[in-house]
Amino acid sequence: MIQTLAFYLFAVLVIASAVMVITARNPVHSVLWLILAFFNGAGLMVLVGAEFIAMLLVIVYVGAVAVLFLFVVMMLDIDFAELRAGFVKNFPLGIAVALVLLAELVLGIGAYQAGALQLGEPSGVGAPRMGESNIESIGALLYGKYLFLFETAGIILLVAMVGAIVLTHRPPKTQRGHQNISKQNQRRPQDATVMKQPPVGQGVEL
Amino acid sequence: MSYASSFYFTLPEVILSLSGLALLMVAAFAGKASARIVTILSVAALFGAGIFTAHLLSDPAFALGGDAFSGVYRMDAFGSYAKILIYLATIGILMVTQRYFDSTGEYRPEYPVLMIFGAVGMGMMVSAVDLMTLYLGLELSSLSSYVLASYARSDGRSAEAGLKYFVLGALASGILLYGMSLVYGFTGATDYLSILAAMSDGLSGGMLFGLVFVLAGLAFKISAVPFHMWTPDVYEGAPTPVTAFFATAPKVAAIALLMRVALDPFGAQVDAWRQIVIFSALASIVVGALGAIGQANLKRLLAYSSINNVGFILIGLAAGTQAGAGAMLVYLAFYVAMTLGSFVAVLMLRDGEGRQVETLADIAGLSRSHKGLALCLAVMMFSLAGIPPLMGFWGKFVVFRAAVDADLILLAAVGIAASVIGAFYYLKIVKVMYFDEPAGVVAGKGDAASWVVLALTTLFVSPLGFLLTIWLGNWTNRAAAALFFAA
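Taken in sequence, the protein lines are chains A and B. Numbering-wise (the numbering used here), the first sequence opens with residue 10 and increments by one. Numbering-wise (the numbering used here), the second sequence opens with residue 1046 and increments by one.
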């Protein structure tokens, strides 16, 4: 019972916060809604008994989103004074979100204690091996059956990295505004200036 | 499954990946000066992988093929045949590339390395018997392609082409992935055999949605109408050797992938996808033929020509028979030779200052100043138009015969009628080269490597190519049979 309740709570919140991610006008708000969506996704994973994936979701995605958040803040021109101005007005909403998260935490732990949610009969390669933890099962698949694909994923990341460097990296000599101080100091007035005495009525010939 | 046999079957990919990694280190430490040697070594690696693939193809011990890594990858005659085509096309392009970048000095050793990794991805695409292998291979080849499209950094058009290709390619990948997730959700499996088994009992609505999305995503990759809009822009903007690459190797891989997906996992539901393929084939032929007529840029024109050819190839798929699949493979071999030859000929057109010439007006009267080049280009154009003594006719003929045998007479008739429209602009190029007043823009000679590639492809599509059709027919029959082995 408690699992079903928790499932619907998490599922509704995932969808609601995903909608908010794309409808929020302020990018910082978008990012915060995204974090909420990931937390609820992690809650769903806990419910089906995939603790490892849930932890990954929190650590990798929420962690990455924190970094993304920094990028957004650095790249966009956001007036933080203006953001803080609505603090009192938005205080009730903030408290509400915090309370929902607290309730989820309690429900999630309660549901986890009550055992994993049975969505269906696991079969085939999807079935966890008896007596093995999540991590062991994933490891056995990832480095056994899916070894070839796992290595390929590595090469895809390598190609992405090489591509980014190939397209953006410029050799140092093309940098502009580079100051050569010794060359400047070696320069003498007679190299840089010429004396001319133009006749009256004619222009200077250089 | 034993790891030894798995690695043996995937050895072409392993060879290429390891050479790619090693050459990347050479590129990183030796810098730009190593571009030439890295290119030569890349060609050697591709050649080695090709030789090994030919060994797998010809050794009777592997005639039935074999699964690697518990059924995510399958080595068989079909995959080996497509891989040899891919490797040959990539080798041809690597041979003609360096001269193109000479004028801008932008040639760097990362270029051949990216092509090698692209070839790894394409090899995986044609050997995939699992949706995950399919997707990873596709992404590996697409990612290298996006980078290669915008490789000429000083050219704004190249950057635009890369960005367009990337955004639209990402959209297509998303559609494909969504379709695959639906197929997985409704059949409960990602490997082709289980999907086939699950679909044999009938097609549920979700499976149908998944199938349509998968086909739409793949249609984008082979630039079949109505997912062809990116092709002319990307082909025009990308550096010419890269365009030649896009029109040959990735297209072979994507078409082979589409064949395997349509005939293996979705093979029980031919009626569900046949009408989609028939529409796409006809629309591609017509749009490719009509769109090319007004084009002044040779690369844009060849882009429409490749859309047109994809339409003809899809006619073979619409037949849904083993003969149809064999005909597609025959057509693919000639298509690669014709496209590669045409692009190499365009690559060799440069003006007195070594700049690339790519408009139709510039090649007016080419036959007076450059007899050999004009002759080769004319042979390619006649062959693409399907004029009988040349091999382009043979490719069209086998495809239409397969369609007629499968009772798709109307499709074949419309296809033949539309190929007459297509002949117009191919013949226009020949007319401009031979009968117009010389424009005198093209100057200078091509380099030896380009001439070798051009001469070989011209010989292949010339009537002399008939000497090879015995082997070609034998290989394509075995390859097509491998596709129907599971069904």
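These are calculated hints, taken from the structure and not from any lab test. Note that the Cβ used here is the ideal one computed from N, Cα and C, for glycine as well. Please note that a few of the clues may not be correct.
[Unchecked claim] Cβ-to-Cβ under 7 Å is the rule here; a few derived chain B residues that face chain A: (1) Phe1114; (2) Thr1149; (3) Leu1185; (4) Val1192.
[To be verified] Here are the computed distance ranges between Cβ atoms for each label pair: (5) B:Ser1245 - A:Ile24: 44 to 54 Å; (6) B:Ala1458 - A:Ala149: 50 to 60 Å; (7) B:Gly1093 - A:Phe159: 55 to 65 Å.
So which of those numbered hints doesn't the model satisfy? Hints 2, 5 and 7 not satisfied by this model.
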